[in-house]
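Student: Chains as they are written, first to last, in the UniProt record's numbering: chain A, 1 to 292; chain B, 1 to 375.
Check the hints yourself; a few may be wrong.
Covered, in the sense of this in silico footprint (three residues per stretch, anywhere, with C-beta under 8 Å from a C-beta of chain B), are these stretches of chain A [to be verified]: (1) 88–97; (2) 206–213; (3) 258–266.
Far from chain A, some chain B residues (derived; all Cβ distances over 12 Å) [what the hints assert, rightly or not]: (4) VAL6; (5) THR13; (6) THR20; (7) PRO84; (8) TYR164; (9) SER241; (10) ALA246.
Cβ-to-Cβ under 8 Å is the rule here; a few derived chain A residues that face chain B [unchecked claim]: (11) LEU85; (12) GLY100; (13) ILE104; (14) PHE227; (15) ALA228; (16) LEU235; (17) THR273.
Hints are computed from structural coordinates only; laboratory data are not their basis.
Quick caveat: nothing in here was measured; it's all calculated off a predicted structure.
Yeah, the Cβ is synthetic: ideal placement off N, Cα and C, and Gly gets one too.
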Amino acid sequence: MDRLVFLVAAGLAHGAVLALFAQSLVIVWRANRVINFAQAALAVVAVYAAFAVTAASGSWWLGAAAGIVVGGLLGAAAERGPMRLVPTDTPLPGIIVAIGLVMILQAGLAIAFGPEYQPVRAPLPERPFVLAGIPVLSPYDLFVLVVAGLVMAALALGFTRTSLGLQLRAAAFAPETARLLGVRVPRMITLGWVLSLATAALAGLLLVPTELGLHPHALDALFVQAFAVAVIGGLDSPAGALVAGLLVGVLVSLVSGYLVAAAAPLAVLGLLTLVLLVRPGGLFSAAKERAA
Amino acid sequence: MTRRIVLRAVLVTLVALAATFLLDPYWNFQLARFAACFAAVAGLTVLVGLTGQLSLGHAVLMAAGGYGYAFAAGPVTDALGDSPAAPYAGLLAGLLGGLVASGALGALLGAAAARLHGPYLAGLTLALVIALPSAAVALPGLGGDQGIGVPFVPVPDALATLMYVEHFHAVVAIVVAAAAVTPLAVLRAGRHGLRMRAVLGHETAARLSGVNPGLVKAGAFTASSLSAGLGGAVIVMATQSVSPGAFGLTFSMLLVVGAVIGGLGSIGGAAVGAGLVVLLPWAVEAALDHLPAGLPPVLAQRLDGNLAVILTGAIVIAVIAARPGGVAQLLTPRTARDTAADTPSGTAPDTAPDTAPDQAPDTASRDATSHDTER
Numbered sequence: 001m002d003r004l005v006f007l008v009a010a011g012l013a014h015g016a017v018l019a020l021f022a023q024s025l026v027i028v029w030r031a032n033r034v035i036n037f038a039q040a041a042l043a044v045v046a047v048y049a050a051f052a053v054t055a056a057s058g059s060w061w062l063g064a065a066a067g068i069v070v071g072g073l074l075g076a077a078a079e080r081g082p083m084r085l086v087p088t089d090t091p092l093p094g095i096i097v098a099i100g101l102v103m104i105l106q107a108g109l110a111i112a113f114g115p116e117y118q119p120v121r122a123p124l125p126e127r128p129f130v131l132a133g134i135p136v137l138s139p140y141d142l143f144v145l146v147v148a149g150l151v152m153a154a155l156a157l158g159f160t161r162t163s164l165g166l167q168l169r170a171a172a173f174a175p176e177t178a179r180l181l182g183v184r185v186p187r188m189i190t191l192g193w194v195l196s197l198a199t200a201a202l203a204g205l206l207l208v209p210t211e212l213g214l215h216p217h218a219l220d221a222l223f224v225q226a227f228a229v230a231v232i233g234g235l236d237s238p239a240g241a242l243v244a245g246l247l248v249g250v251l252v253s254l255v256s257g258y259l260v261a262a263a264a265p266l267a268v269l270g271l272l273t274l275v276l277l278v279r280p281g282g283l284f285s286a287a288k289e290r291a292a
Numbered sequence: 001m002t003r004r005i006v007l008r009a010v011l012v013t014l015v016a017l018a019a020t021f022l023l024d025p026y027w028n029f030q031l032a033r034f035a036a037c038f039a040a041v042a043g044l045t046v047l048v049g050l051t052g053q054l055s056l057g058h059a060v061l062m063a064a065g066g067y068g069y070a071f072a073a074g075p076v077t078d079a080l081g082d083s084p085a086a087p088y089a090g091l092l093a094g095l096l097g098g099l100v101a102s103g104a105l106g107a108l109l110g111a112a113a114a115r116l117h118g119p120y121l122a123g124l125t126l127a128l129v130i131a132l133p134s135a136a137v138a139l140p141g142l143g144g145d146q147g148i149g150v151p152f153v154p155v156p157d158a159l160a161t162l163m164y165v166e167h168f169h170a171v172v173a174i175v176v177a178a179a180a181v182t183p184l185a186v187l188r189a190g191r192h193g194l195r196m197r198a199v200l201g202h203e204t205a206a207r208l209s210g211v212n213p214g215l216v217k218a219g220a221f222t223a224s225s226l227s228a229g230l231g232g233a234v235i236v237m238a239t240q241s242v243s244p245g246a247f248g249l250t251f252s253m254l255l256v257v258g259a260v261i262g263g264l265g266s267i268g269g270a271a272v273g274a275g276l277v278v279l280l281p282w283a284v285e286a287a288l289d290h291l292p293a294g295l296p297p298v299l300a301q302r303l304d305g306n307l308a309v310i311l312t313g314a315i316v317i318a319v320i321a322a323r324p325g326g327v328a329q330l331l332t333p334r335t336a337r338d339t340a341a342d343t344p345s346g347t348a349p350d351t352a353p354d355t356a357p358d359q360a361p362d363t364a365s366r367d368a369t370s371h372d373t374e375r
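Take these sequences, add in the hints, and give me the full structure.
Tutor: Put into structure tokens, the structure is as follows:
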């Protein structure tokens, strides 16, 4: 029982990070109809920048702010730069450019900082609170849950309740009409990338202290799991990403805790297959148009 | 048409076989790797180019072929004992085992793929690649991270004066690759290829014309898997072991890069793409060997390998930016009869790929696969 409570709590904290990263993939998908395969590589560059600022200034908060800003700038640079080189009417050229970008960024980081894991300290203690004899969340886990929840709530409110959010959604769903109505569609797409990469950088910042440390490939596993989460939730749905993120986080934690850590990817694959067989568009997919 | 394709395949195979006599052992081994990658990339290019199903997991299908080879070749070779024919019976059984294993996995995936659209299928196949090492550890008999060994196939006595081991393996690989790719080329040019293009072009219209889209998609996935599985079996034969590490995420992505750079749907493009997968890392490495002298050892160590990856990435972006249709777009004249059907944007020939930089992506003309996800 103790173990179950602890594993579920730890799974929720990891799931919050997963949901946040999946959210960033959903934002890009909604803005541009592409899966950004370079998301992890771009985000890890921002995380390196964040910890460089933290090391120089001594303040975790300053570093985190710098990381989020750098992430946003990288998002704009990637969308205005390499992604504009190829047509977007088919998805493949964009995917190939993103893979090329991943190669350049990760190898560049390995040359600049070396292939070793650099240990990273969390801003809050990682020793769990003990509640009625049961170890539950650590202060840092709680902090992660709160930050991820606040950011996702802010994004949801921003997209549904503000004029800018309306323009972003209009540019994504009906670019031609939105353009005729005065929405600056290319600017909105770039803004979508900025929001997405800032979110991804934050997710990376929150994850790295709980893992082995900083490394050019530190966020690869997060990207793959978050992609599975976004697909399970239905790529268009922010709510789906949240629910699926928590679900996958708890599943991975339980499987790693009760079986072996190596079985976690198999469990994710199993869940993904099951969900897609029942609902081919993910859990929160919109109603399908009628076909013949 | 079929006769012309087979004739051309025989000619290309003979040229490749003749080339093996000119190469040294190292290059013959690389040629065997190239042949295996060619089979996999050709399967992928037909799948993505003709039916629009993006698989990021073809490395796992190669691995399935490799494990199938190991499971069949080992026992058969052992059962025949000291008979001189034992290794060759093992080889044939192994290839058959590879076909069965990759075909079974491919049919399963194809059944799922028939229901899924673009990014969902990509997500599923990506999760599959990540799950491969776990499966190797969790499933009994797959040998964990170490993988399992495969019996050695020596040069037959009759050819012993002509060939050394790598040479013989390259010959086997070329013959197997030809046997894997030629049916794909015939399939692509024939009635089934037409059905695949119809499904890609407009699923509902294809259904109204009496084509079953689910069946066509699942069939294409299975055919593509069989080719990739033969490629995996042959590479396992040449390296004498199969392990999950050899079929990882990076390799799987490289196969996709090869298929797209070569030009989707084009078999000749697949050859160029497979060449890229095998040669580019080597070529960049070799070019770098001549450059740095007197660099600090730490920096030299960091540059080693990583610089090759950076250059590969830059080349990949440059090629795809210059020619979104891949290298095949350079080779085929624009007036060729089936140019439109060969290029990935061929589903909507009226959408010019030269969109102005600040122009919005044209959602209205996006191909049929993405319609369902829009509200």
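Student: Each hint needs a verdict: does it hold in this structure or not?
Tutor: Going down the list of hints, with the structure as the test:
no. : hint    : verdict
1   : 88–97   : holds (count 9)
2   : 206–213 : violated (count 0)
3   : 258–266 : holds (count 6)
4   : VAL6    : holds, 30 Å
5   : THR13   : holds, 30 Å
6   : THR20   : holds, 32 Å
7   : PRO84   : holds, 42 Å
8   : TYR164  : holds, 36 Å
9   : SER241  : holds, 20 Å
10  : ALA246  : holds, 18 Å
11  : LEU85   : holds, 4 Å
12  : GLY100  : holds, 4 Å
13  : ILE104  : holds, 4 Å
14  : PHE227  : holds, 5 Å
15  : ALA228  : holds, 5 Å
16  : LEU235  : holds, 6 Å
17  : THR273  : holds, 7 Å
Hint compliance for this structure: hint 2 alone is broken.
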